[in-house]
Every structure is written in structure tokens, then in C-alpha cells.
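Single-letter residue listing:
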Amino acid sequence: MGNLNNRMKSVFDKLDYILIMCVVLLFVISLFAIYSASGQYSADPMYFLLRQSVWFCVGLVAVFVMLFIEYEHYRTLAIPFYIAGLLSLVFVHFFGVESKGSQRWVSFAGVDIQPSEFVKLFLILAIATAIYKITGKYKVKKKRNLYILGSIFILSIVPFYFIFEQPDLGTALVTVAIAATTLLVSGISFIYIAIIAAVVVAFLGMLVWLFMYKPEIFDLFFKDHQLARIYGWLQPEFYSNTFGYQLSGARMGIGSGELFGSGFQNGSMAQSGRVPEIHTDFIFTVIGEEFGFLGAAILLVIYFIMIYRMIIIALNCKDRFGMYMIAGVVGLFTFQIFQNIGMTIGLMPITGLTLPFVSYGGSSLLTSMIGIGLVLNVHVHTKEYMFE
Amino acid sequence: MAKEKKKKAQLPIRLNILFFIVFLMFSVLILQLGIVQILNGDSYRSEIERTIQDTTENPVPRGKIVDRNHKVIVDNKPLYSITYTPAKGVQAEERLKVAEKLANFISMDTESVTDRDKKEYWYLKHTDEADSRLSEKEINELDNAEQYKKTLEKITDEEIKDFSKDELQVIAVKKELDKAYSLTPQTVKNEGVTPDEYAQVAEHLDDLPGVNATTDWEREFKSGETFSSLIGSITSQEQGIPADKEDYFLTRGYSRNDRIGKSGLEEYYEDMLRGRKEKIEHTTTKNGTILDSKTVVEGQRGKDLVLSIDIDYQEKVDEIVRDELKKAKSSQPYDNRYLEDALAVAINPRTGELLAVSGQHYDKKKNKYDNAAYKALYDAHVPGSSIKGATVLAGLQSGVISPGETIYDSPIKIKGTAQKSSLSKNIGLASDTDALKKSSNVYMFYIALRIGGENRYPFPDNASARFDTGAFQKMRNYYGQFGLGVQTGIDYPFESVGYEGEVKNDAGLLMNLAIGQFDTYTTLQMAQYVSTIANDGYRVRPHFLNEVREPTGDKDKMGPVFKSVGTDVMNRLQMQDSYIERVQEGFRRAFQEQGGTGYSYWGGKSYDPVGKTGTAESFYKDGDNLVETDNYSLVGYAPRDEPEIAFAVIVPYLGKNNQYKIQHNIGTRLMDAYFDLKEKRDDDSKEKED
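So the sequence lines, in the order shown, correspond to chains A and B. Sequence positions in the first sequence follow my numbering and run 1 to 388. Sequence positions in the second sequence follow my numbering and run 1001 to 1690.
Same shape as in the complex, but just chain A (with noise of 0.2 Å):
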């Protein structure tokens, strides 16, 4: 008993209180925006807020339990987890939920689960693992390279594909951004890097190329539903009535809300029931909004000091596993927040991602809890090292 006290101390002591201050604020926000936003998907506005408590004191559980498991032993449950993850995948694949023109979901007791939320995480750990044993086994620079490419690529190409195919364009990239951020503090060659780095702009200025000037080409590559969402993203308003609605909505919202925006509860748009999935995708919307520029940077200044730390944490853990499992969840958490708050901004086409830790939904903010897990383990069970 005395034991598992002194344990509880010393973890309690550990923990990075910065970080967890971040994500108890992001919490807060969420709930008053969620709380805002219910209007048009509940009568009851207390409804989804009540929902992402609960979701909240579940992930509190999940990570408070996964403090206790010191990282270092992750790395033998990466792969079996990672096979459970593409084969949770498969299923979808075949027997998933479909909504929304996507099929998802799963159902299991009466909740539906999105397997691909917690893939991420799996992925992290699955790749994290293959770096750390490859770098400790090839001493020999330019074998060690190859390794690591191949088998970032191949963790990586796997749930990507499936994921694609679901569809769901966003989560997959969010998978390719996990691969980047590993792939860059690997140890792999800088000539690799840019190497990569030359082929994906290339890639990307061909496609912009395509668009600009040979369009039925271009049409080709896509499928029809992504198409209009490329062309509802770059003129919202001329594509109003379809594809363009919700990006026009949401960014009219956003704008309207100028300085301090119109107050809690008073956006015109995030009341109007003109942004659809403004609880869950398009929650950012109510925070620009009803809270204006000064909200929106705040939150956006918290994400920021949230992976500040989580960087530091990095810096400081002197093993290298830990290191590449938390650049795995920086490269999620920053792709994510990008691209939710970049999409309702104009800045990137719509996929459906959620904004971590601020949006409604149960498979998201558990994910976003465990990935601070993670980070927070390697930051409680780093310093014992340091006394060894």
C-alpha cells in the first residue's frame, strides 16, 4: 500500500502541470462553445455538453491509469496494438457505419467508435518503436537511412489507405503528418529530408499547375465530392447554395466577429443554424465568432504553449523513444489544429477533422487525452533517469 502511494507521489510530483493547465482551459473553452453551439442539433442545450464531460472524465481515468505503466514498456504492445488498429480498420472497411457519405464508424454498446481516431495514436507508438530499434541496431549511416524511410512509409501507407478509402481525407493526412514529424527527428539524413521535402512541393506546384491551367486534367485526380469541396474551398461564395455553404457561413461568422465578437450566445451565423456541424468540425467558427479575434488568439496561444511544452518535454527526455513518440504527437495535434481552424478560414479545403480537445465527440477528445498521456508518461518517468 505504502508503495503504491509513494508511486502516486512521485507521479504526482512529475507531472508537468503547464501541460495539463493547457488542456483543463481548452476543456473550458470547449464547453462553453459547445454549450453555445447545441441550438441547432438539441433542444436540450446541456445535452452534448454533458456528453463531453463525461468523455472528459474517461480520458482523465485513461491517462491517470496510463501514468502508471512507465512508456519504456509501450514498446511492446506497439505492434500488437498497431495490428488491432488496421484490422479495427478492415472492419470498418467492410462492416462500418455509414453517415454523412462516409463510412466511419463502428458501433459497439451503444456507441459509436471511429477506429481511425485511435489508429493515430497506434500509428505514433508502431513507428516510434521501429525508429527506436532501428537506430540502435544499424550503426552504419546510409543502411540506417533506408530502414527508417522503408518502414515509416510502410507503417504509414497502410492505415493512410484505408483511411483514404473510407473516405476520409483528412485523418489520412493527418497519418502523413505523423510520418513527417517522425520522420524528420528520426536521425534520418538531411539529404533524405530534402530529398522528400523537393518531391512533395513538386508535387503539390503540379497539381496547383494542373488547376490553374489544365483543369480537365486536374479533374481526373479527384474524386467528384472532393473536387467541389476544392472548388467550394477557393470561392466560397460563388459556390453558396452547394459545396461552398458551410466554408461561407463559417468564414462570414468568423469575420463578423471581428475584434471581441458578438458575446456568448449571440454569433448571427452560429446561431442561425447556417453552419452545419458547428458542434463537432466547425466548432471554431463559434469561438471566432461570439469571442471575436481576442478569443480565437487565445485559444490559438494556448495550443501553442501546449506543444511548446510538450517540445521541452522532448528536450529534455534523454531516450530517444520518448522523443519520437512525442514529435508523433506534435505532428498530430499541430496538423489537426491547423487544418480544422485553417479550413473554417479559408486557408485549406473542408475535410472532416475535429479541433482537439474543443470539439464535441467522444473518439476525439479521448485520442487527444491519451496523446497528452504519452507525453506526459515520458515526462514523469524522465527524471528518474537522470538519477541513475
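These aren't lab readings, by the way, just hints derived from the structure by calculation. Check the hints yourself; a few may be wrong.
Claimed, not checked - Covered by chain B, according to a simulated footprint, are these stretches of chain A (three or more residues, beta-carbon under 8 Å): (1) 112-120; (2) 183-193; (3) 248-258; (4) 299-307; (5) 312-325; (6) 333-344.
Ideal Cβ placement from N, Cα and C applies to all residues, glycine included.
Using the hints provided, position chain B relative to the given structure of chain A.
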């Protein structure tokens, strides 16, 4: 070991690069947020404010229709009207509250209240109880609309049986309120609104959100039935715009419950008559409460139509035609048992202005006479010899006869067909004008045979005729230049072009065509044909509309001219003036020379009338039997040198033994009436000047 250390040192750099990338991405977000919210926030805000401003369009009265002397034919009769304009998102419960209050002030006709209406009312009054009747399964499986339907089904007849009179009133009011589209005025009651009801509602408008007490209007025919069938009708508010033309009208700014012209001139001149709706912009809160309303477009009632019709003359002509139809029927009731219609058109041949268009119809079943003026445009009949003017001109122009050429009028017998002759037995040797004067069929037969390629004269008895079927088209092309068998171009939604007989390799049929016994024509086409001859070969478009006038507030004055309709020459006969003069001369001789077919009726007239009579064999379809009858027709104009009125009369299906010359009676009386009226008007204006 040294190598390992170097590698470790490298990793913080990479984390810093990662951090830098994160920093860049957040910077981009903040920058774009600044652009959207601070730089462009103002324009987004004003755009949002605009989107919660909605406009209501209030209908305006249609334009008036007046005759050539500005005498009103159709006007708008104002009506008290109670309207309802719901704000956005008004729920059934709120409408019920309004209905309950409004029912205190107005009384409705409750006959149209259906069981469904009663059930909907009962549901609103007992929502919880009704909802509780749904089973768990139904709630889970059905969507909202289906659940509502199911709930209504579960309301028993017993429950909706005993509504009080007051409750039924509420249901009837609510039924009207439910029809309204948001922000579009819906008439709740506009028939029989008493001044008291109007005042009561007007006083309590504050308690009745969306309700308004206004004046509405309905079409009123000032001259009773006269000409009303040509004016046509407009849809009711319930009918609104026709479903099959919904897109057409919606894209032109109409609302679904707008009343539009659905037939006749009301339809043809809808664009002019509709007016410009009053546009009111409402600033509403998010919930749809109206904060402020301002008129952004002043309403303007529709433009007024000035017709070419002289409504006094039109009334007179209707009276004459009806009177003559009655006389013909009563003089020989049995012989004329199939006689139902008498049609007449009077037109200014120089300008195409229609002066009077009359059709009287005897309704056998109801034993009453109706105005059916549209039949002059819609119904085509074989006219008989009246079209011989066109035939003679075709003969002269094609060169098969020369001016003054004489032909001996004796029966023609072609092998395999019955012998054909003129109606009158003693015409003898006839020139072209004689042929028109005495109505020689034989003269026309030779023209037809020659156009068909048979040039023998006299035609050998019982010989076969050489014959080219292309002659049908050749003759019809000539007739078409007069408006016979083609569109006259009248400003009306529909006109018949008549029916063309079937072309066969039979010279007899071509001979029939030449005497108006094969193709059918409308009375309007006949009027255009005779006008073309009167107008020295210029075929003008007949028209009802003379001018469009801007609306004015002053009831007794016409506004400035918006548009005026000039004379539209559609074509000039491709015939020499001297040939046309031959036909005009033939027409004169028919009416003014002893022995002419119209002489006994027209000989003594002072206004120098000319014209041509016609009788055609027709067949009345009596059940399965075809009964032989006669069509009478008459065309003419006056005065001969400066024609100001031309007319055509067709009276179909008279008995074979009929002796009553109805066509001449109608013709002379309508011409007399025209010149009498003209004289009277001249006297009146002289008196005024004095």
C-alpha cells in the same frame, strides 16, 4: 562513444526545426485570422446584417383595360381584405394563438373545414396526450413527419365531433393562416369583409402579429358579358401561378400565390398589366421578430391597356348578332335546328384595329344565348364564294386569265365526278367582274383547272382532266397572301389557322378549293382577307391593343403613353394594282349593281359598300349522322374609296331550306350601326365645340 554523442547532439536541432515549423504554422493561422476578422471583419459583418434583412413583396392592382375612347371595360373593384404575413420560423402553436384572437373579430365560412383540419387543431390543443399514444416502436422507427401523421390518425372521430361554433371559426381561420409562406402576405378573408370586421381587426393589429387589414381588389367587367370572353380571366390567389409554368414565373419575380392572367388578353398582356410590386424590407432578429420595415420599392399598379375596340359599337354588334341569330332560329326552327353560332368581325382595314369581335352562341341544353366572341378566332368553317376575290386575283396574277376575259357559265362534267355548276342558272357569258358580281362558280373552276394544267375551253363533256396536285399548294400560297389558312398575327394567346382539306389527285377538289368549299377559315382570317383587298393589297396585322398607358392615381384620367401599337404591314400582295382594282370593282358590282348577289340588301346604302357573299355546303355532325347544312358568309367594306371599316360574317350550319338571309342582315345592320354611331359622335363633338 564519441559517435553516439554526436548523434544525440544532432537531435535537439531537429526538435528545434520541428518547433520552428509549428511556430510558422501558428503564425500563418494568426495572420489569416487577422485578415478575416480585423481586416475584412467589417464587410463580413455587414453581409450578415444584410442576410437577416428580408423583403416582402406586396401585390399591386392590375392595370385597367379601356376601349379606344377610354371607356373602361375592365377595372379593379376594391375589397376589404384581412391578410397574414408570418415572420420566419413561426410555429403552429403561435399561428393558433393568432387564429384564436382573430376569430373574435371576423367570421369565416366553416364549410371548407375538413376532418384533417379539425384533427390538427385537436392535436395542438392536446399535444401531450396525442404524443403519448405513439408506441415506443413508432417513436424509434418513424421520422418526425411520419410520427405526426400517425398521431393524427390516432385521433378518433369521436374526439373531433363536438367542436363549438367558435372553435370551428378558429379552425377555419387557422386553416388560412397555415397556407401562408413566411414573409409573403396571404389573404385570410377578402370576400364579404364588413366595414365593422375591417375596423375591429385594424384596431387590434398590435395583438395580432403578422395580421394586416388592407384593401385587395378583384376584376370587374364594366360592360357585363360583352367582350369578356376575349378579355379572359386571371387566376385566384389559391390557384396562383400555374404549376407547369412555375419556373417561368418565379424567375420573373412572381410569388406562388400571385394572380396572373390565365386566358385571353389578360394572359397575352400579363407583362403590362401586372405592375410593380411594393417591396418592403424588414430587419428581423435571428428569431424572426420584425424590428423595422421600410419600403424600398414603391409599388405601382399595372399599366393600362387602351384597346382598339369601340365598346359601344361592340355592344351594339353583340346585340345585332344575337338578335339575328334568334330571328333565324325562330323563323325556321326545324330547318335551322343545327344553327348555333353567328360570328362577326369588324376591323379598320387600313390599320388592323379591331373595332368589334362578336360571337353569339346558342346553348341548346340550357336554351340560352352566350357571348362567345373567341369563336371568331378559334372556329374555322368553309366559307363558300366569299373568297372568290382571292381566286380571281390568283387567276389574274398566274396569268391563266386576263383582265376582262369572258367565260361562258355552263356546267362542267369531269369523268368520274359529279357535274359542277354555279348556284345561279342564268349567268351566261361572264367576265371576271361579272363572275364576282353574280358569283359564277364555273369561272372559278376554269381558273382552278388552268392552274392545275388543264387548259381546254370549253372543257369537253365527261372528259378526264389533266391535273397537277402541286396546284393545291400554288392556290394556297395565293390565299395565304390574304391571310387565309395562315396566322393572322393577332395579339391573342391562340388563333386557329383553319383546316386544310386532304390533297388528292382529284381536280374536283381543287375546283372546290377555288370556291371556298374545301379549306376552312376563321372569321378573323376572312376579315383580314377582305381588309387586304380594301387596303389595296397591303395585309395588316389585326390587333386588339392600341396603346399602353402608364398608371395614374387620378381615376378619371389616363396616364402618359408608354407604348403605342402602330400599323403593321405583314405583306403586300404580289399582284398588280390593276388586278386588285378588278376585284374591288367586282365587289362593287356584287353589292351595288342590279343582279349582283348582294344588291337587294346593299344597293341603297349611302356609305358606298362593296363586298362578296358566300354559301358553302357543310355537314353538321349530329351524333353519328352527318347532316347536310349550309354555311353563310359575307365579307365587305366601306366606303369603297377610303375604306374605314371592313367586316366578315360567318354563320355555320343553317338548314338547306333556310330562307332567312342572316348574313346580309347582320352585315347591313352592323355597317349601319357603325356609320350611325360615327355620325352621332360627330354631332356630339360639334355640339361640344359650339
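At least three residues with a C-beta closer than 8 Å to a C-beta of chain B: is that true for the segment 112-120 of chain A? With 0 residues closer than 8 Å to chain B, the segment 112-120 of chain A misses the three-residue bar; violated.
Are three or more residues of the segment 183-193 of chain A within 8 Å, CB to CB, of chain B? holds (count 3)
Mind taking a look at whether chain B covers the segment 312-325 of chain A? Criterion is 3 or more residues with CB to CB distance under 8 Å. holds (count 4)
Three residues or more, CB to CB closer than 8 Å: is that satisfied between the segment 299-307 of chain A and chain B? n = 4 at 8 Å, threshold three: holds.
When I compare C-beta atoms, does the segment 333-344 of chain A have three or more residues closer than 8 Å to chain B? Since 5 is at least three, the answer is holds.
Within 8 Å of chain B's CB atoms, at least three CB atoms from the segment 248-258 of chain A: coverage verdict: holds (count 8)
Violation of the numbered hints given earlier is confined to hint 1; every other hint is satisfied by the structure.
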